[in-house]
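Two chains, each in its own frame: build the complex with the hints.
What follows is the residue order along each chain.
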Amino acid sequence: DSGVTQTPKHLITATGQRVTLRCSPRSGDLSVYWYQQSLDQGLQFLIQYYNGEERAKGNILERFSAQQFPDLHSELNLSSLELGDSALYFCASSPEPGTYNEQFFGPGTRLTVL
Amino acid sequence: AQSVTQLDSQVPVFEEAPVELRCNYSSSVSVYLFWYVQYPNQGLQLLLKYLSGSTLVKGINGFEAEFNKSQTSFHLRKPSVHISDTAEYFCAVSDQGGAQKLVFGQGTRLTINP
Numbered sequence: 038d039s040g041v042t043q044t045p046k047h048l049i050t051a052t053g054q055r056v057t058l059r060c061s062p063r064s065g066d067l068s069v070y071w072y073q074q075s076l077d078q079g080l081q082f083l084i085q086y087y088n089g090e091e092r093a094k095g096n097i098l099e100r101f102s103a104q105q106f107p108d109l110h111s112e113l114n115l116s117s118l119e120l121g122d123s124a125l126y127f128c129a130s131s132p133e134p135g136t137y138n139e140q141f142f143g144p145g146t147r148l149t150v151l
Numbered sequence: 012a013q014s015v016t017q018l019d020s021q022v023p024v025f026e027e028a029p030v031e032l033r034c035n036y037s038s039s040v041s042v043y044l045f046w047y048v049q050y051p052n053q054g055l056q057l058l059l060k061y062l063s064g065s066t067l068v069k070g071i072n073g074f075e076a077e078f079n080k081s082q083t084s085f086h087l088r089k090p091s092v093h094i095s096d097t098a099e100y101f102c103a104v105s106d107q108g109g110a111q112k113l114v115f116g117q118g119t120r121l122t123i124n125p
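Here the protein sequences line up with chains L and C, keeping their order.
So for the first sequence, the numbering used here puts the first residue at 38; every next one is plus one.
So for the second sequence, the numbering used here puts the first residue at 12; every next one is plus one.
The hints are simulated quantities; they were obtained by calculation from the structure and are not laboratory data.
Model, not experiment: these values are computed from the prediction.
By construction, the Cβ of each residue, glycine as well, lies at the ideal position given by its N, Cα and C atoms.
Check each hint, because a few of them may be wrong.
[What the hints assert, rightly or not] Capping the alpha-carbon separation at 30 Å, the derived lysine-lysine pairs in DSS-like fashion look like this:
#, chain 1, residue 1, chain 2, residue 2
1, C, K60, L, K46
2, C, K60, C, K80
3, L, K94, L, K46
4, L, K94, C, K60
5, C, K80, C, K69
6, L, K94, C, K80
[What the hints assert, rightly or not] Anything over 12 Å on all C-beta distances counts as not near chain L; from chain C, calculated:
#, residue
7, D19
8, F25
9, A28
10, P29
11, V30
12, E31
13, R33
14, S37
15, S39
16, T66
17, N72
18, E77
19, S81
20, H93
21, P125
So here's chain C without its partners, still in its complex pose (with noise of 0.2 Å):
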């Protein structure tokens, strides 16, 4: 079975500030690793994810994160924030066959000040 950890519920940071919001996992087998964002009243969208390869992945909207396998991590990262980057912030994992179901950490909620 896996499990996911965001480690902050909140991160607060002001327009144009860089922003890192943090994720570990825990599995027994290989895994694909993912961020979701939920903007308000919206769906989940695919930010980014990371399946073999680098393990430096970029996405949609200048995000990036980096799989690191020995810490079992998978931090999301921002150079420049701005205020449209506001929205709950989710990373999943899903083992590598079978129904490939998302387990989902508890969320990030990402505030951006002006």
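Chain L extracted, bound-state conformation (with noise of 0.2 Å):
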């Protein structure tokens, strides 16, 4: 058990529809970190959060959006989905930064979009 929650563990949606993945970091830590796992784009980083703040962003659609909240838990809003955003959907956590983080993972969200 890394320590880093996801709700939900499941998710099943239609196209078009919109849903919100949640991740609650280890206590302590203050970046969080959201990547998605397709069979055809394997593991991609999404975007980086420290302390509330947007930290660096990598292949993120315009659809999607992130937010880390006063209590560093975060969200990752998807919506207008289309098949193609099926994946696993994983929220990694890791300390205030400095020469190494190692960053621990959370179980992941598993979407399916029908």
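Laid out in structure tokens, this is it:
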């Protein structure tokens, strides 16, 4: 158990819908990373937040957005869903930036878009 | 920008045999190197990491990896595998500053046959 929690574990929805994925980082970790794992694209970095502020952006679609709240939990919002958005979405957390920050991964949310 | 190539998508081996999973990377800056393991229906777990110093790094579950700067490789090895090592293995890099987002390879599925 990494200490990172993600809800829900599974999500099934239809094209065009909007969903919210939630991540609670390990106690004390200030950074949250979101990754997408799909069959065709593999594991890709989406976005990082540090202490409530966006810090880095990767291959995140404009239909997707994220935020980190004052209690440090984070939400990833996916809208106008398409079949290709079906994937496993991971959240990872790490402590305050230093020389090196190990990222601890949650169990993931499996999104199925029908 | 960094990229990671895992040279084998699938590696079948017999139980108690040695195994090597190959990883090459490309980067214009200094990087940290990682191997993660993903067991079926689970999140990612860090096996080992190379940050600096000795090029041979030891990780959990009897795995080790060797960093070769001239060949830009970071191959993962285990002298004797067990059925429980059946999983997907991911090689990843991150830059040494900034967000330290992880860039993953496509993964290698290790199947252990009795």
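Hints versus structure:
1. Proposed proximity of K60/C and K46/L is supported: the alpha carbons are some 28 Å apart, at most 30 Å.
2. Distance restraint check for K60/C and K80/C: the Cα-Cα separation of roughly 15 Å lies within the 30 Å cut-off, and the hinted pair is therefore satisfied.
3. With a C-alpha separation of about 24 Å, the suggested pair K94/L and K46/L falls inside the 30 Å cut-off, and the hint holds.
4. Only pairs whose Cα atoms come within 30 Å are accepted, and K94/L paired with K60/C is accepted, the gap being roughly 24 Å.
5. For the hint linking K80/C to K69/C, the alpha-carbon distance of about 17 Å falls within 30 Å, and the restraint holds.
6. Restraint check: the Cα-Cα separation between K94/L and K80/C comes to about 28 Å, which is no more than 30 Å; the hinted pair holds.
7. The beta carbon of D19/C is kept farther than 12 Å from every beta carbon of chain L, the shortest such distance being approximately 15 Å.
8. Residue-level check passed: F25/C sits 28 Å from the nearest beta carbon of chain L, beyond 12 Å.
9. Here A28/C stays apart from chain L, with its beta-carbon at least about 27 Å from theirs, past the 12 Å limit.
10. For P29/C, the shortest C-beta to C-beta distance to chain L comes to about 27 Å, beyond the 12 Å cut-off, and the non-interface label holds.
11. Every CB of chain L lies more than 12 Å from the CB of V30/C, the least distance being 21 Å, so the non-interface label holds.
12. Interface exclusion of E31/C from chain L stands, the closest Cβ pair being 21 Å apart, more than 12 Å.
13. Non-interface status of R33/C relative to chain L is upheld: no Cβ of that chain comes within 12 Å, the nearest being about 16 Å off.
14. Look at S37/C: its CB is around 16 Å from the nearest CB on chain L, clear of 12 Å, so calling it non-interface holds up.
15. No beta-carbon of chain L comes within 12 Å of the beta-carbon of S39/C; the shortest separation is about 17 Å.
16. Distance check for T66/C against chain L: the nearest CB is about 17 Å away, which clears 12 Å, and the non-interface claim stands.
17. No Cβ of chain L approaches the Cβ of N72/C within 12 Å, the least distance being about 16 Å, so the stated non-interface status holds.
18. Non-interface call for E77/C relative to chain L: holds, since the shortest CB-CB distance, roughly 19 Å, exceeds 12 Å.
19. No beta-carbon of chain L comes within 12 Å of the beta-carbon of S81/C; the shortest separation is about 23 Å.
20. The non-interface label for H93/C is consistent with chain L: the shortest C-beta to C-beta separation is roughly 22 Å, beyond 12 Å.
21. The Cβ of P125/C lies farther than 12 Å from every Cβ of chain L, with a closest approach of about 28 Å, so its non-interface assignment holds.
The earlier numbered hints are all upheld by this structure, with none contradicted.
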